[in-house]
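Residue numbers (our numbering), protein chains in the order written: chain A, 1 to 185; chain B, 1001 to 1185.
Do not take every clue at face value.
[To be verified] Straight-line Cα separation of at most 16 Å, EDC-like style, residue types lysine to aspartate or glutamate; simulated pairs:
no., chain 1, residue 1, chain 2, residue 2
1, A, LYS156, B, GLU1143
2, B, LYS1156, A, GLU143
3, A, LYS156, B, ASP1142
[Unchecked claim] Examples of chain B residues lying across from chain A (beta carbon under 8 Å, computed):
no., residue
4, THR1003
5, SER1006
6, ALA1088
7, PRO1145
8, LEU1146
Everything labelled a hint here was simulated from the structure, so no lab data went into it.
All C-beta atoms in this analysis are idealised placements derived from N, C-alpha and C, irrespective of residue type, glycine included.
2 protein chains.
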Amino acid sequence: MLTLESRLTLPAWIHERIDTRARYADDTSKVQLAITLAQHNIEDGGGPFGAAVFDSEGQLLGAGVNRVVPEQCSVAHAEMMAYLTAQAHTGRARLNQDHPGVTLATSAQPCCMCYGATFWAGIDTLLIGASAADVMQLTEFDEGPLPADWRGELEKRGIAVREAIARDDARAVLAHYAQRGGIHY
Amino acid sequence: MLTLESRLTLPAWIHERIDTRARYADDTSKVQLAITLAQHNIEDGGGPFGAAVFDSEGQLLGAGVNRVVPEQCSVAHAEMMAYLTAQAHTGRARLNQDHPGVTLATSAQPCCMCYGATFWAGIDTLLIGASAADVMQLTEFDEGPLPADWRGELEKRGIAVREAIARDDARAVLAHYAQRGGIHY
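Chain A on its own, in the form it takes in the complex (with noise of 0.2 Å):
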C-alpha cells in the first residue's frame, strides 16, 4: 500500500525560544533570528541551518530548522519547512499573491533544491548570512550545482538578493557545529 501523505513537523522549541510576534524590521534582525534558529537546532541534535519568511511588516509568517534527519526526509532543508509551514500558516502558495513584500531570510545560502524552490515560493526578497562557499569551507554539506549567475536568474525574476548579512555570526555557527564533530548529510 502506497503512501498517500507527507507529514513534516518543526520542534515545539520554536515557540518557546523564538519571539514569533516581535517585528523584525531591518535584514540585520531578519538574518539573526534565521541564525539564531540554526544554533538552537544545533543544541537540539539538528543540522546548522535556519530560516524564517516575514510579511512586508517584519512580522513572522513561517520558520524553518533542518529536519533532515529527524523526519527522514531529504525535502526537509530550512528554507522548505519555512516556505512550508508559512504556505500552511497562510493558504497561499505565492505566499506575496496579494501581499507584496515577502522576504526569506536564511542564515546560509540556499542549496541548489532550496534555491530552485524560491523561484515559485512568492517571496520579493531573498537575505542570506554565510555563502555557499563559507558552508562548505566550514563543514563538509553540499550545496549542489547552481546556475551560473544564480543571484541574476532571481532577480531576473523580481526577487532582490542581499548578501553577508550578519555573516560572521552566521559563519560561526557553522563553526561550532563542525567542532562538534557534527554529521553532514
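Dock chain B against chain A, hints included.
Chain B only, in chain A's frame:
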C-alpha cells in the same frame, strides 16, 4: 501563532486507478505510469505532471502528481510529492541507502526545484518523458533556471539520466492540458 506543521496529500484515486502492486520492469513502463498519473490529474482538475519512484525490482515506492493548487503549496510538484511520499513510505531520507537501484520516472523534465531535490533524494536513475522545451512550447509553465550542464551535474554524482522516453505520449498529455485551457502557476 506560527504553524509548525506541513501536511501534503495525494488524491485517493491513486489507489483506485493505478496498479500499485505491479512490477514496472523497463524504462518505458515506468515513464508511462508517470504519464498516466499526469493524465488522471488533469481529469481531476490538477496540473499535467506525474512522477513515480521505483525500487530495483520495478516496484512502486511512491507516486506523485502536481498538487500546488489543492494544497496551496508551491512545493507540491509531482516529483516532490513522489520523493516525500516514498521517503515517508520507506523511512529513508536517502531512498537508495542500503537499497541501490532506485529510479524516479517523471512525465516531464524536472523544474529547477525538483532538479535540485533530485541530488538529495537518493536516486540512481532519472527517467524523463517530455523535455523542458516541450513543457514551455506546449504549456506556459516556467521550468526555471538550471545549470548549463544540468545532465552532467547529475551524472557526476552517480545519477544516470535517460530522456525522451515515451516522449510522444508525454507531449500529448501536455497538449491535452493546454487545449482544455488549463491554468499555469
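For each hint, the structure was consulted:
no. : hint                 : in the structure
1   : LYS156/A - GLU1143/B : holds, 14 Å
2   : LYS1156/B - GLU143/A : holds, 14 Å
3   : LYS156/A - ASP1142/B : holds, 13 Å
4   : THR1003              : holds, 4 Å
5   : SER1006              : holds, 4 Å
6   : ALA1088              : holds, 5 Å
7   : PRO1145              : holds, 4 Å
8   : LEU1146              : holds, 7 Å
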